[in-house]
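Q: One letter stands for each residue in the lines below.
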Amino acid sequence: METFIPFLPVGIFFTAIILIALEVFEKSLIVLLAGTLMVILGFLTPEEAVEAVDFETIILLMSMMLLVAIARKSGVFSWMNVRLVALTRGNPLFIFITFSLLTAILSAFLDNVTTILVVLPITIELFKGLGQDPKPLIFTEIFMSNIGGTMTLIGDPPNIIIGGARGLSFNDFIVNLWIPVSIGLVIAMGIMILCHWQSLKPIAGDLPKLMISTALIRRLQYLFIRLNLQKAFVVKSVLILLLTIAGFTLQPVLHIHPHVIALFGASLLALLCSKEAHIHELLHEVEWTTLLFFSGLFVLVAAVEQTGILKQMSMVIVNTTTSLPFILLLIIWISGLVSMVFDNIPFVTVMIPVVSGIEAQLAGDPHVMLLWWALSLGVCLGGNGTIIGASANVIGTDLARREGFSISFMEYLKVSLPITCTVLLIASAYILTRVYFF
Amino acid sequence: MQNTIRQFSHLLRQTEMEIGTRDMSLLILRALQDAIRVFSGKTVESFIKKLDCTIAIACSTEPKFALVIDTLYQFKDSIVTYIPEMPTAQHPFADHRHTLLQCIDRIIAHAEDDTLLLLSHARSLDMRGKTILIHDHSHTVQDVLWTLRQDKQDFTVVVAEQDHEKTMGSIESLTDHGLSFTVVPSYMLSNVEKEVDACFIGGLTLKSTYDFVVDTGTSAIISECRLHRIPVYVFMTTSKFSLWKSTKKETVQVHRHRRSHPTRAITFDRLKFSHDRVPLSSIDTVVTEKGVHSAREIKRIYTHRLKERLQQEKRSLLTIMDEGGST
Chain A
554 METFIPFLPV GIFFTAIILI ALEVFEKSLI VLLAGTLMVI LGFLTPEEAV
604 EAVDFETIIL LMSMMLLVAI ARKSGVFSWM NVRLVALTRG NPLFIFITFS
654 LLTAILSAFL DNVTTILVVL PITIELFKGL GQDPKPLIFT EIFMSNIGGT
704 MTLIGDPPNI IIGGARGLSF NDFIVNLWIP VSIGLVIAMG IMILCHWQSL
754 KPIAGDLPKL MISTALIRRL QYLFIRLNLQ KAFVVKSVLI LLLTIAGFTL
804 QPVLHIHPHV IALFGASLLA LLCSKEAHIH ELLHEVEWTT LLFFSGLFVL
854 VAAVEQTGIL KQMSMVIVNT TTSLPFILLL IIWISGLVSM VFDNIPFVTV
904 MIPVVSGIEA QLAGDPHVML LWWALSLGVC LGGNGTIIGA SANVIGTDLA
954 RREGFSISFM EYLKVSLPIT CTVLLIASAY ILTRVYFF
Chain B
3 MQNTIRQFSH LLRQTEMEIG TRDMSLLILR ALQDAIRVFS GKTVESFIKK
53 LDCTIAIACS TEPKFALVID TLYQFKDSIV TYIPEMPTAQ HPFADHRHTL
103 LQCIDRIIAH AEDDTLLLLS HARSLDMRGK TILIHDHSHT VQDVLWTLRQ
153 DKQDFTVVVA EQDHEKTMGS IESLTDHGLS FTVVPSYMLS NVEKEVDACF
203 IGGLTLKSTY DFVVDTGTSA IISECRLHRI PVYVFMTTSK FSLWKSTKKE
253 TVQVHRHRRS HPTRAITFDR LKFSHDRVPL SSIDTVVTEK GVHSAREIKR
303 IYTHRLKERL QQEKRSLLTI MDEGGST
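Top to bottom, those sequences are chains A and B. Its first residue numbered 554, the first sequence is counted upward by one per residue in the working numbering. Its first residue numbered 3, the second sequence is counted upward by one per residue in the working numbering.
Hint data in this document are derived by calculation from the structure and do not stem from the laboratory. Any given hint might turn out to be false.
What the hints assert, rightly or not - Distance condition first, Cα-Cα at most 20 Å in a straight line; then the derived PhoX-like pairs of lysine-lysine: (1) K52(B) with K754(A); (2) K688(A) with K784(A); (3) K828(A) with K784(A); (4) K316(B) with K78(B); (5) K44(B) with K754(A); (6) K247(B) with K154(B).
If we strip away everything but chain A, and leave its shape as in the complex, we get (with noise of 0.2 Å):
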């Protein structure tokens, strides 16, 4: 029996992982409680439980979180949207690359979920008032906002957790993997301008649906001015999101931990705005239940971590081979992989000691902080392989279902596999290039 015992924390674990994955019960509660019971048999202290919950984690994604619900209520992206319309004066191929783009930038420093919440309707309602299919249009927006998110600190949950795991800035995560990113969006978004070039082709010359997709957007600008925007609102959402950002950015000079510059800009958009918005409203736009989960989950993975099961995995992976190349090709595509078919964040958050482990092992090699790039590379792009691979692949197809376009399981694969495998390879090349180049 006492063979087992250290297994028993692994058995939770791995019990918790796949209730999760079967969606049996809201996964906060299962990790709240498999965290509780870990603490209840003896595998953690409370105290050891507390001191496990990553607080920097959960006051930055709570305060980002808040920070996006007052932008929101203050209608900025629906008059960015509209804004962005008009330029594309009903060009087909203008509307697909510019929010397409769009949807990029913003994952970048928003969420996933909110960047698509934000720009899809709005595509979908242009591309079906042209009577054009909006399916590769959102399928796209579902990749760029993964691979979007991917490159800075705040743009993916997962690189949240390994840039407070590991100390990273806002600026490391965009200096090592602006490359990667880029070249993923471009390569991603020429991949579905090709397949469907058809549908995007210019209507220029075509003046019936020329004025049918200028109509439009003029509707879409009408219904925007009868919203009512308080300028004000708008300005001060603007300006503190921007200086939020410009805070991150400047980290290494202020020597102020990203939470804390980020609890600052919510704290202060929220009193200079809670004239417009109320402080109550506000919080019940913060995902309360996604806080709970992150903090459950840092638990369990301390009390897996007690038993040095971790621990051992980065010893058996490092006597497996000492060669970085091929440790780092692994973590990708494992990585990759896993991320298609799992929740990325109970993954990313086991990697970390395994890879915190193979990093004191290969503590010589001049690469060796690659180990976490190639982690976020993995976890954050493997999101896009499949339908339940990514929050915002279930939120994106969702929305597309409620406007009649549906899509399967099978649909979504057909096209996001050789997608992700494509943006996979071109992680791997940007990886292998910086060990063997730089």
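Please arrange chain B on chain A, whose structure you already have, making use of the hints.
A: Structure of chain B alone, referenced to chain A:
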């Protein structure tokens, strides 16, 4: 082509529901300007052929929108006026783009002039000390009320409550203009009928069957007004006339919804209709940009405009047939 007609029909229907007929036609004109700015045709003549196709599409939508069709025909006629026809020559489109845009500006200004003319004719109505009943969410009726108030005519307004959104639209407009009003559910109007002195209606269109197409519920209100000899006024510019032969008596759209009883296991069908039809003979006075008319006068004006439109359509059809209808 069928796909384009379907898209256009859907767009016009949705837009008309959201912003009303007058604003919708302005939106279409502005959209046409935007399209002209990026149109890549080489000559004005090729543009006119595409315009004829666009007009054919507008004439095929379900339902047809008379104001949209009228403005497109006006635009086509104005191109011919401002760019001299030279059968052997081709006018470069880029050189005349600005002229085409100005043609549309003139049409918009003309439409605004028509509205102002209608309002100036409406001034001749004496509503001092009277109670005016309104029902639909016509912008024209709201403008008429505001014009009469600006003329220092003192009256009160009773709003017959209908669809929530449309009634709120009327309430917002009356409040913005500082007009005093009372709201009464339309099915309770029998309780206030004795106080009502006039009924103001804005119609969507007048059809070749000499029926006005109006908001749902208006027909019942007008019937009540007839019973109690309350004069009914319709305010509409002649550009809204449906200048084609109506092939069906009823083009009202039926929306069938399945609903559930809130407390018992009962499901039932609930029908909603898009519009009512009111015969011209039920209306006492029609105010247009041409003046204040009786039903008989409007019939004459309508017949004349219908003849003109049928000739325009013949000319357009010949152009499309000559070129083989490219779209």
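Q: The structure should be examined with respect to each hint, and the outcome stated for every one.
A: Verification of the supplied hints:
1. K52(B) with K754(A): holds, 18 Å
2. K688(A) with K784(A): Not satisfied, since the Cα-Cα distance of roughly 34 Å exceeds 20 Å.
3. K828(A) with K784(A): holds, 14 Å
4. K316(B) with K78(B): holds, 14 Å
5. K44(B) with K754(A): holds, 19 Å
6. K247(B) with K154(B): Answer violated: K247(B) to K154(B) is near 42 Å, above 20 Å.
Against the hints set out earlier in the document, violations occur for numbers 2, 6.
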